[in-house]
Structure formats: C-alpha cells, structure tokens
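Undergrad: Heads up: the protein sequence lines correspond to chains S and X, in order. So the mapping is simple: this note's numbering equals the position in the first sequence, first residue as 1, plus 21. So the mapping is simple: this note's numbering equals the position in the second sequence, first residue as 1, plus 21.
Heads up, some of the hints might be wrong.
Listed below are the simulated DSS-like cross-link pairs for lysine-lysine, each with C-alpha atoms no more than 30 Å apart in a straight line [said to hold, decoys possible]: (1) X:99 to S:425; (2) S:364 to X:99; (3) S:99 to X:364; (4) X:454 to X:265; (5) S:507 to S:457; (6) X:364 to S:92; (7) S:364 to X:360; (8) X:143 to S:188; (9) S:364 to X:425; (10) X:433 to X:226; (11) S:364 to X:226; (12) X:364 to S:425; (13) S:143 to X:143; (14) S:226 to S:425; (15) X:52 to X:444; (16) S:188 to X:122; (17) S:454 to S:52; (18) S:404 to S:343.
If you're looking for bench data, these hints aren't it; they were derived computationally from the structure.
Number of protein chains: 2
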Amino acid sequence: MAEEKDIVAGAPGLPSRGSAGTKGITASKEKDFSEWYTQVCTEQGAKLVDIRYNVQGFVVHRPWAFRILRKIYELYEKEVEADGHEPYLFPTVIPEENLLKEKEHAGFSPDVFWVTMAGDEKLEAPLALRPTGETQIYPIYALWIRSYNDLPLKGYQSRITVFRNEKTTRPFLRGREFMFFETHDVFRTHEDAMAQISRDLGMMKRVAWDRLALPFIFFQRPQFDKFKGADNTYAADTLMPDGKRNQMSSTHDLGQRFANAYGLKYDDEDGTEKQPHQTCFGPGIYRHMAALIGIHGDDTGLILPSAVCPLHAVIVPITFSKKPEDAKAVEEFCKKAEKEAAKEFAVKFDSSATTPGFKFNQWEMLGVPVRLEIGPREAKEGKVTIALRAPKEKRTVAFADLNKEIRDSLEKLDSELKARAEKYFANNTKDAKTLKELKDIIEKHRGFVRVPFCSTGMDGEKCADILKTETLGAVVCGTGFENPEKPKKGDKCVVCGKDARHIVYTAKTY
Amino acid sequence: MAEEKDIVAGAPGLPSRGSAGTKGITASKEKDFSEWYTQVCTEQGAKLVDIRYNVQGFVVHRPWAFRILRKIYELYEKEVEADGHEPYLFPTVIPEENLLKEKEHAGFSPDVFWVTMAGDEKLEAPLALRPTGETQIYPIYALWIRSYNDLPLKGYQSRITVFRNEKTTRPFLRGREFMFFETHDVFRTHEDAMAQISRDLGMMKRVAWDRLALPFIFFQRPQFDKFKGADNTYAADTLMPDGKRNQMSSTHDLGQRFANAYGLKYDDEDGTEKQPHQTCFGPGIYRHMAALIGIHGDDTGLILPSAVCPLHAVIVPITFSKKPEDAKAVEEFCKKAEKEAAKEFAVKFDSSATTPGFKFNQWEMLGVPVRLEIGPREAKEGKVTIALRAPKEKRTVAFADLNKEIRDSLEKLDSELKARAEKYFANNTKDAKTLKELKDIIEKHRGFVRVPFCSTGMDGEKCADILKTETLGAVVCGTGFENPEKPKKGDKCVVCGKDARHIVYTAKTY
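The shape of chain S in the complex, shown without the other chains (with noise of 0.2 Å):
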C-alpha cells in the first residue's frame, strides 16, 4: 500500500503535492488587501477554495480550509450543547407558504433561489432553498411546545449551509451558498431571553477572542437595521485590515413576534396558555474563517490561532549532506520527533521530495504554527530547532523538551495574534464630533468611528441614510451592548445637530 504514505491525516489541501506547488502571493496585505485576500485564497496561494467550479457564487471547499472550517464548527457546537442545546436537522427546502406567512422574511424573496421542477414536471408549489431556518422551524416547534415543562426549548443546527442569490460574492464573505450555524431557542418569559443574548455573547468572547484571537465589539444595532422579523438586533462586528467591519454573529430578540405568527403558545403553571418569548443566535462561520484569513495573515499567508489550524507543527528534514547515513540518521530522528510531537499535538513529518525552502514556504503559506527543522546536527546532538510562524523566531532544543517548547510556542503564537489584532483594532476605532471630522477619518482609514448620534430608534435613520451618503458609505453599526459610551453634555448629532442621545460607531462594512 504505497500509494497510501504521502498522504496522512493533516496533509491536505495540497493537490498538486509533488508537482509545482503554489506560485506564492504577490500582493501586499498593507497595499493591497483585496487582492491579497483573493490570492491567499486561491490557486495561487493556500488553496482555500476553488472558484472554477461551473456556478458562479458556488465554490468548493478545499481540504486545507474544510478542516478550519469544522474546527470554528466543533467550537460552538461544543459551546452550544454546553449551554443546553440539542442538535437537529431540518430540510433544506422550505414551501412557499411557510416564507409567506412571516411576511417580514418576504425581504428575503428577491435573493430566494426556487426549486420548481422535479425530472419534467414542475412542483406543485415551488420550495425555496433554505435562506435560513426560522421558517421552517417554528411551525414545528409550535406542535413541539404544549407546556412550561417543555420550555425553555433549545436547539441548533450545524454544518449546514444556506443560500441567497448574492449580486456580488467573495470566498469566506458573501456566497449564494454559505456555510450556516443557528440556535433557535424558546423562554417563557423576556427575561429568559435576554439572559440567552448575555450567553450568546459568552459564546462568542470564548470563542471568537479566546480561541482565535478575533477581537469584537458586541453591538445593539439600530432599530433601522435590525433583522425585520426581531425586536432587537445584537452583533458582533471585527474590523478587517482595510478598514471595514465584518460582522461575525448575530443574535436576535425575536421578542412573540414569530410566536405570533406561528402560533407557538404554552399552558403555563397558572393554567392559562401564554405567548412565548424567542430568540436565535448564528455565529457567521464564513465570517469567522474571513476574519482569521484577513486579520491575521501576513504577505507569506496565513497564520492561523492554535485552535484551528488542522496542524500545530511540521517537521522538514534538512538533508543537503551527501552522505547516505546523514539522511538516514536525519529521517529516523524526524520519525521519532514526530512520534513524540504526535502525544499531544496535530503533527506531520513532510518527508516529501522536495527541497526544505520549497516545504517551508508551503507550510508558511498554509499557516501551521510550528515547524521543526532536522538536519544531521540535530539528530547526532539530540536536538530540534524550533521555528515559529509569528512572532517570525527561532531556536534550538533539547528533545527531552520537544513537547513543552511546542506548547509554549503555540501559547506565545496565540498571544502574538491577540496583541497585534488587539492593536489594529484599538489603532483604528477612533472619535470623531463632526461630519467633517468623520469624514476625514472614514476617508483616511476607514475602521471604526464612534460619533455622537440623535437616535438608534426609526427616526435616526434619515441621519444614518445622510452619514451614509456623505461617508461615501459608512454606515451606524449601532452602541455597545456592554457599557455604552455616554454622550457628553453639549454633544450634538454629527448630521443633524439636534442632542445626541447615543455614542454610536460608525464603519464602512462588506
């Protein structure tokens, strides 16, 4: 079975493995951060995605990116279950009358694909392919429900993926096909729910910060752009390196307005049936793969956070000598690193037929933490060098401590990411007390602006609509769920004039 050793668990995402490899980016992330991304993206650089693929808006996963991708997965669905809820899966088509009756989805119709036909004939009535679950779920919860005993009702559904006919699309940003993660959960009372939303966003400070090193603000949005179908719309929005926020979840009040129209109702204790409260939360999978792409690649490729890199280290073989039993004492000590590493980390011994500076920069490009470098001296003095993807360092030791130098390496990776993420974004989000001011900072470096604001409530929106205009684009991403800033005494609306009532911040946004 020969055929099966060049390609072990973790090898992935590298197709043409023998054959020449990727061209390697051109563009700079600091320049040029739009081709940047499609380069690190593509062909020409970690392979993340293949866009050949023959429907526009439609592409494939690679492996490389697959296993990232159900590495963000495993994360919240191990926060999700810890949290009490329970997985299922729904169809992937939902009947027309179903989108019909919440009529605050008909905003989803014009980007609804439709299946209309099956063989020759054509459907009686057409199913949309699912845009996202609420309404198909809770036309079910509603036979689910008869009871308080059967609240609060949490469930989810992972590792599906939904579809909108985007105009525009971009790998990990905007796809007519995505991948989808939504809770969909059920309380008797508004006070249950909003402790749901405080939980939610735990999930996302665990996840999105401590796994990944993704920093965020939590934000309220406006009530001009919330989700229709909610009383109240909360994100969670990062800001990529060109400056524009990317929204990595959301988690609405849906307050009984589905319940209204989907006649989810309870006996409650006292005997009378209720109206219950409900709320759904969806960390943006693609969203989340965008920001580790985007935040914390450099013009080598991507540098991915311990947590959900398919590999925390690889060992390249530095075999220049010509000498049989240099090779031979180099491999054998590469298997027993490998053997050793494998205990408690994601390891893979790059023995293929290329050079050390053709695998380092292929593992560089793909992001792998960790890479050990074994030539003649290592193995003879029982050594391994360690070389770290960031901070960019090297070093040399014993093999007695292989396991703790690699744990202490990925613990420094991980903070390395944390502090520079940290840095860009508290470096661009910015004050601003005028449209001028605003204007200029937007126009600049983008990023966020916090401006003193008259309202997020429906009469804000004609300023919101101005400051858009204006900004050429900027929109109000709404106030900080945690703690928001308070406007001071004597400040005014950035657009109107009128007194603010709200610090809110402003981005330009995907």
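Go by the hints and put chain X onto chain S.
TA: Showing chain X alone in chain S's frame:
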C-alpha cells in the same frame, strides 16, 4: 439560570419532557414489522423524525436520531481519514451540463430536483440539487491532477444531503432528501483501485459489524444491477426483520469511464500521459440507521449498541418513600453515581418530576443500554442496581465497582446484539436448487436464498427478470466478494436450466 437544569447534553429527543410522553409502541415487530417500524420512528415511539414537515418525503431529524446519525458519521469519518482521505465540501447544486456530460447519469434525471428561479428571475440554466457527487467532483479533480505525484487522490464529503424525487418514502430507508457520505478516489492502476475496494470492505467490517453489530454480506453485483457509470459495483447487504435486504453501502470500481468523460489524466513517470482509475465508496448513513432500528429493536423500542447510543447509562432515582431525608439521600447518591460514571461514560441523571415507571419506559424506548436504579436502600448501602436493556437482567453492585460494571454491561449488550443478529441472519439464509423451492422459501420467510444461476453477466439479465416475476419481487443480489460459493457439478440455473456458473444470493429488497 434555573431554566437550564432540565436540558443537559444527551437529554434529548423528548420534546414533551414534562408532558404526556409517548403512547408507547402497540405494534408487534414480529407480526407487523412495517407498522412497528413506523411507530418506533415517530411520535408514538422514539420520536426520531417528525414527518409533519409540510413537504412530502422531507423529514425533520429530531435530536435523539440526529445524535445517533452523527455518531455513525463520525465512525466513518475516522475510518476514511485514517485511510488517507481528505475532507472537502462541494456545492449543493450541479449545473445541468455536468449531468449531461456523463450520459450514464441520465438514469438519475427523472428523479432530479431542479432549481430554475432566483427571486422572480429565471436562471440561465437550471441547477440540479445534487443526487450524488461524481458529476460535480470529477471535473474539478481533472484540474487538480497533473502528474503521478498527485496520485492517489483520495477525498470525501460527509454530513451532506442529497436529493431524489422518490415516489414512496420511509424514514431512513428512502427519502427525497437523505443523509449522504461519499469517498472519491483516483489511482494510477486498476490494481490500486481494487486494493481500495478491499479497504472499503474493511471499513464496513470495522464499523457496521464490529461497532454496530450489523451483519452483512459484501456482494459483487451482477452486471445487470451495477451502477451504470461503473465497471463493477460491490455492495454490503444486511437483512431486515421482514426478510428484505437492506443495501448498507456501495463501492464502485469506476474503471476509466468517468476519467474519460471528464478528462482526468496524469503524466506518468515514463513521461507519457495516462488515464487514471477511479473508485467511490458510499456507506449509507440512513440505511445503517434503518438497520439499527429494525434489526436490534424490540417491542419496547430501540436497542442501541454502545458505539452509537447518545447515552450509555441513565440514572433513575426510586423514591416512593415519604420521608424527605430518604429523597435527599437518594438524590445525593444519584449525583455521586452520575459524577463517577461520567468519568468514563455518557450518563444522565433523570431527575425530572415523573414516576420511575414512566422514566423506565422512556429510556427503554430510546434504547439506552444501561439503567442505574438508586433507591433509599441503595443509597444507604452504597450500592447501585444495574438494569441492562438486552439481555434483560438486573443486578445490584457495589458503588466501588460501578464503572467496571457499566463497562461489562455494555460489552455484554454489544455481544448480545451481535449474537441475536448473527442468528437471525444465519437462520434466514437458505438454499434452493429449483425455482419452486426458491418460490416456497421466499413466500414463507423471505431472507436470502442461495440458488445456482446461469450468469451474472449481461446475459443473465433475462433469467433475473423471470426470477423476479416468479418470486413476486426477489432480486439477484450477486455473488460473495470474499469466498464466493461455487456451484456443484450438475447444478443448473434455477430459471433456464443451463449449467450454473455461479451460486447467487436472491432476496426481496427495499
């Protein structure tokens, strides 16, 4: 957060937790398997699916079922990755042109669902909802493969669904959307491809038999019943309690047919361009589930092997005593037992406000292998009563031995399921030498019947058709892949009377 207490990971699939519960199964598996199966799957039984979703043939997979299905997926994911397959994800939709290119796939087209609209606009070309992956994956493989260094290329997609407009549907046996798993492998030589088919069989043995206790025969299908795009089809068939065969997997020797249609080629070591050989393997996740339900279940409900049951053990407090100190002692001891058992097993302390009898019924219905009963006496004496789902037995053990006893119990249950299934399988595999004998056996018991047969080549199709008509539905399953039975001298085909070249298995089928 009092509302979280009731739902713990693994609690699941009991939507009416506090309410009425299930009615219980009234049908007899022995006497009316079809009705029994429906009851187990739906409201009346283990609530595996909700068939009230308003698109015919599309079901909701409820938490308990979803957790079992997920475990089946995980077992195969682990196997194929250990065998060198890389995970990826392709789009749900396939352009019409891809289906047309491989004409053999035209066989699917009457069953294909077509997306034709986005919003109000007609698409330029219709998109098929994926009926299976070949026609979408191989054109991309053609882009990924350049030289012999790229081979073998072994990939898979898991946790996806596929779509076929089946006329009739049954939970986990036939659905319009159903859970799918597929590997797609490309090799230099046919020898390499055949070695993969043996490894695919190995995976079936390790998962379906070793872990799920589902016996099967791995057949080489007759030429007239192979997948039309393949040179040869191999399939693992098990027997359901109604005597019908249930195809649990298929693995195809695709030869060079698809390579030819989609332009897969590689530069070989000798500098010449060659066409590779392909295989694909699909364990039927749904079909495994149907086999678990049907083969292991009894008139009380599911019986699940330890490898896939979402819970290994449930703890039920027995508190008929009126003394509050007894109830408290029992509760504390239950929690202690839960904590201990959780070190090694998936366990739940069922503290809900229902009677022990109600709880016994619920958890037996769901097929949980082990029940731990703890009453005042157990709490006082530091003992636990262990009840096993199969074989039905109860014993009281010391707390100190708890985990060892659970471990032994799970082993005993798994062995019992294997013994029962093997016995049923053996008892329902018979031999016939004439068409009359065959008809008699099929009429009485169905199951597998081995018969002498003229040919498994295309020239045998006519006899197979006659056999099917005469037996009111039995098909020729094929010959055993391992150690195929040989006809004895003088054995004649049960249909045409010519010299038999094979002993084939026949059975009615789903």
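Undergrad: Check the structure against each numbered hint from earlier and tell me which ones fail, lowest number first.
TA: No hint contradicted; all consistent.
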